[in-house]
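Novice: Using the sequences provided together with the hints, build the complete structure.
Here the sequence shown is numbered in the UniProt record's numbering, starting from 1 and rising by one per residue.
Hints were generated in silico from the structure; no laboratory data involved.
Virtual Cβ for every residue (Gly too), placed ideally from N, Cα, C.
Warning: the hint list may mix true and false statements.
Subject to a maximum C-alpha distance of 27 Å in a straight line, what follows is the list of computed DSS-like cross-link-like pairs (lysine-lysine) [unchecked claim]:
no., residue 1, residue 2
1, K108, K120
2, K771, K806
3, K880, K973
4, K141, K120
5, K806, K518
6, K121, K755
7, K755, K108
8, K806, K755
9, K404, K427
10, K833, K820
11, K269, K45
12, K369, K404
13, K593, K826
14, K187, K263
15, K593, K577
16, K826, K812
17, K577, K10
18, K198, K269
19, K820, K577
Simulated DEER-style distance windows between Cβ atoms [to be verified]:
no., residue 1, residue 2, range
20, K755, V25, 37 to 45 Å
21, F838, R884, 48 to 56 Å
22, K147, N1001, 51 to 59 Å
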Amino acid sequence: MVKGISGGQKKRLTTGELLVGSARVLFMDEISTGLDSATTYQIIKYLRDSTHALDGTTIISLLQPAPETYELFDDVILISEGQIVYQGPREYAADFFAAMGFRCPERKNVADFLQEVLSKKDQQQYWCQYDYPYQFVSVTKFAEAFKTFVIGKRLHEDLDRPYNRKHNHPAALSTSNYGVKRLEILKSNFQWQRLLMKRNSFIYVFKFIQLLLVALITMTVFFRTTMHHDSVDDGIIYLGALYFAIVMILFNGFTEVSMLVAKLPVLYKHRDLHFYPPWAFTLPSWLLSIPTSLIESGMWTLVTYYVVGYDPQFTRFLGQFLLLFFLHQTSLALFRVMASLGRNMIVANTFGSFALLVVMILGGFIITKESIPVWWIWGYWISPMMYAQNAISVNEFHGRSWSKPFADQNITLGEAVLTGYGLFKEKYWFWIGVGALLGYTIVLNALFTLFLTILNPIGNMQAVVSKDAIRNKDSRRKSDRVALELRSYLHSTSLNGLKLKEQKGMVLPFQPLSMCFKNINYYVDVPEELKKQGIAEDRLQLLVDVTGAFRPGVLTALVGVSGAGKTTLMDVLAGRKTGGLIEGNISISGYPKNQETFTRISGYCEQNDVHSPCLTVIESLLYSACLRLPSHVNDDTQRAFVEEVMELVELNPLSGALVGLPGVNGLSTEQRKRLTIAVELVANPSIVFMDEPTSGLDARSAAIVMRTVRNIVNTGRTIVCTIHQPSIDIFESFDELLFMKRGGQLIYAGPLGPKSRNLVEFFQAVPGVPKIRDGYNPAAWMLDVTSTQMEQILGVDFAEYYRQSKLFLQTKEIVEALSKPNSEVKELTFSTKYAQPFCAQFIACLWKQNLSYWRNPQYTAVRFFYTVIISLMFGTICWKFGSRRETQHDIFNAMGAMYAAVLFIGITNATSVQPVISIERFVSYRERAAGMYSALPFAFSLVTVEFPYILVQSLVYGTIFYSLGSFEWTAVKFLWFLFFMYFTLLYFTFYGMMTTAITPNHMVAPIIAAPFYTLWNLFCGFMIPRKLIPVWWRWYYW
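Specialist: In structure tokens, the structure reads:
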């Protein structure tokens, strides 16, 4: 979904990030996920050699180590169900289990055997003491037996013997928490963050342009030809202009929330690995924010100051610039604190909005100081905006333009404006304001550092199961309802109509289809960064003349080193590439591929397991089945089909578990992978693409998945899998192989043969290629012998060798044959683009969104809690404002209270909905690519689900605020108040959705949204009345 290096390259980068340090004790978790077996072998071999040479300690957890990789280890720790079953020398692990009556077969990967022998479903096949009847040996029994085994006894003896500290060498102990001196850490961090700013320059440039546009608009609204210096009312208009400048600078810091929350995972990782202390991040980020603050405050002051008609003294100009600079610094620091405190996008946005609200409503402009109740006056004194408002007003109204005497009083007009609006009139308040803002900047940056130091990421990796699911777990499968025997169906090889009828009509039929492709080329534009490094071409070719075929009942593997183009080829064939240039021909059973019909009969299991986080496993599958199975399939058949698919991929125990967010909470990587496969299987597809279905799985889980895949292929479906580190068993379960080398070229396309004989013979025929050893994994061997280094040694281009071979001619003949339509197969046509009509799509999407919202407390609960707190706060600040109508200030205060309520709850709704929509939109990319629904039903469901939540929000806020504010208690006026509140919150919320929809992610969305908040704020009629708005801008008021 995002440009950058591949998944395997990211995994290598993570590993390399630790290896470049000086640490001698390394803990590495699943470092082989997404890597091919040859790369994994090279990395583990390096780690072994460096560990031996440097006398280090390295502990690595691996899911599916190949035999040659497994043999590199000295010791093995086998853990299951929280108990250590074996810990000791690798070569004795199989002997321990042999002593327990279980033997590892020949050509069986010992690592796979060790995992499967602990499984209740797989253990019996390894029983070798035929004189005794087999009985399942539990993990607990194995763990107890290990204590009596010779290795176990030796381990306990070593642990019981006290360690002699005399063996410690002082030089071996680290005396510092970090690898280099503080100055070096600071310098490196500064350079790193400056580089990130440079690479992310679009955000900053966009912010500058946005601020410039708003400044130009402000300049034309408060134009000096319409602004006078003759009365107190004129002064209040200038106060409005100054207030708007302050609000704009404050709002511009809000984007720090989304930008920092996106960085937090990396910061926490660096902090926990002792790359640097948090202050080494916060100090450079503060220093690097100074130029942006200078540009933004300088740009605003330069554009607006003289055109609006502020006091022309240059010292006043510099004073306003200085104040806006320190205010921007305070704003950045404040929102960084909110982001580091919230740590989650939704929570942080809510915290940020709340902070902005408190700062602004108690700042002395919306509600004057004299009108703030005594129990809230402390908020006035701690609001940074109060100091900014007073300082910038004193700076302006002590200028020459406002020095004329006021009436018969012994004060100037400027002082009369300040006094009349409840602001301080003393000149020294300018320097108090500057000092206070500087102090806030220092204090808030210190708090930012503190929160980064003491707080940890939100969320934990575990499956969350509802109580109802636990209660019903045992009873669910005991129901008498007839279920579809999908497992036996998948094992069946007969596809004739009689067999289908024998299945009582519940098996969902499908049409076996082939797919062939000829001379596929794929180009993308070369990024600017690569052009700067010397690449002259405008386009980069990722796939080069790729030709091949996928047939029904044939399981095809797509293999290659990391970055060879496996996923790219699959995306091109599946129609998932939306950018770049594609050349070549793709046919489905002889007919040209039509993407709209193709999505109806195909499934695509993505490498990144993307699902709605707030649904349970069974709900995710029912949702997919409901939208992708034909409309004539009834609900009972759908549910039966779903439950059998769940049983097939062993998801039954997790049926009530919430999916959660990857890497944060919910299902594990392995569980997500099985859910991804199940979501596609319930669609009953004819062709299924699987991008690394075993990546992130342990050997047993990978075997389960591949056994499932094999069973599906036996029904006559066409399955294509990219795969990285297959064991011998998994690799040889494939029928055919497409093997790619780096650069997007094919070097083998054809059958594997029994025990990979055809593959081995093809490459061994190349002069100089070493023979494969007995028991060696053919997948690892072929990657070794076709590497770039081997090509240079042998002087052979394997892609050219393949194109000159008989195998390539055979592949071309197959492709030519499959490119011609068969008289028995009709071209795929569907009466509608989608399996379900518009209304059914809308209802299904609404059902999902309703569950997602209800189970998302970070959004719904925080929003309602925020509403209650805000309504109580506003109600107590605006205590009995509605009943006071004696003076102009009373009317201003009542209007200010309503203005602030609408503005801030509205903006909070808009900002808090953006991350929620961003996640759902990310899921919708997969679902819409799969042809589940069109954009409109999805959008309507997101809109509709908000109606009841906003209604409750409006009722809660309206009732509390209206009663505490003592506004006029008549039914009509109260209902009108609720009416306007409800629809105002609706349009703010929908505006937040819209900004997410038109921007690439939820980090850019707030930046796009911010200028319109300020323009709505400017033209709402509060800061400048409608009649005083220039004629050319009154249309915006309406």
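Novice: Evaluate each hint against the coordinates.
Specialist: Okay, the hints, checked on the actual structure:
A hinted pair counts as satisfied when its Cα atoms are at most 27 Å apart, and K108 with K120 qualifies at roughly 19 Å. The straight-line distance between the Cα atoms of K771 and K806 is roughly 21 Å, inside the 27 Å bound, and the hint therefore holds. A hinted pair counts as satisfied when its Cα atoms are at most 27 Å apart, and K880 with K973 qualifies at roughly 16 Å. With a CA separation close to 13 Å, the supplied pair K141 and K120 stays within the 27 Å bound.
For the hint pairing K806 with K518, the CA-to-CA distance comes to about 17 Å; that is within 27 Å, so the pair holds. Simply put, K121 and K755 have alpha-carbon atoms about 25 Å apart, close enough for the 27 Å limit, and the pair holds. For the given pair, K755 sits about 13 Å from K108 by alpha-carbon distance, which is consistent with the 27 Å threshold. The straight-line distance between the Cα atoms of K806 and K755 is roughly 21 Å, inside the 27 Å bound, and the hint therefore holds.
Annotation: proposed proximity of K404 to K427 holds, straight-line Cα distance about 17 Å (limit 27 Å). Distance check on the hinted pair: K833 and K820 sit about 25 Å apart at the alpha-carbon level, within 27 Å; holds. Proposed proximity of K269 and K45 is supported: the alpha carbons are some 26 Å apart, at most 27 Å. For the suggested pair K369 and K404, the alpha carbons sit about 26 Å apart, so the restraint of at most 27 Å is met.
About 13 Å separates the Cα atoms of K593 and K826, which keeps this hinted pair within 27 Å; it holds. The straight-line distance between the Cα atoms of K187 and K263 is roughly 19 Å, inside the 27 Å bound, and the hint therefore holds. A threshold of 27 Å between alpha carbons decides the hint, and for K593 with K577 the separation of about 15 Å falls inside it, so the pair holds. With a CA separation close to 23 Å, the supplied pair K826 and K812 stays within the 27 Å bound.
Distance hint between K577 and K10 is fulfilled; the C-alpha atoms sit about 21 Å from each other, no more than 27 Å. This hinted pair checks out: K198 and K269 have alpha carbons roughly 23 Å apart, not beyond 27 Å. Distance check on the hinted pair: K820 and K577 sit about 26 Å apart at the alpha-carbon level, within 27 Å; holds. At roughly 41 Å, the beta-carbon separation of K755 and V25 lies within the given 37 to 45 Å, and the hint holds.
Under the hint 48 to 56 Å, the C-beta atoms of F838 and R884, about 53 Å apart, fit the expected range. At roughly 53 Å, the beta carbons of K147 and N1001 sit within the given window of 51 to 59 Å.
Of the numbered hints given earlier, the model fails none.
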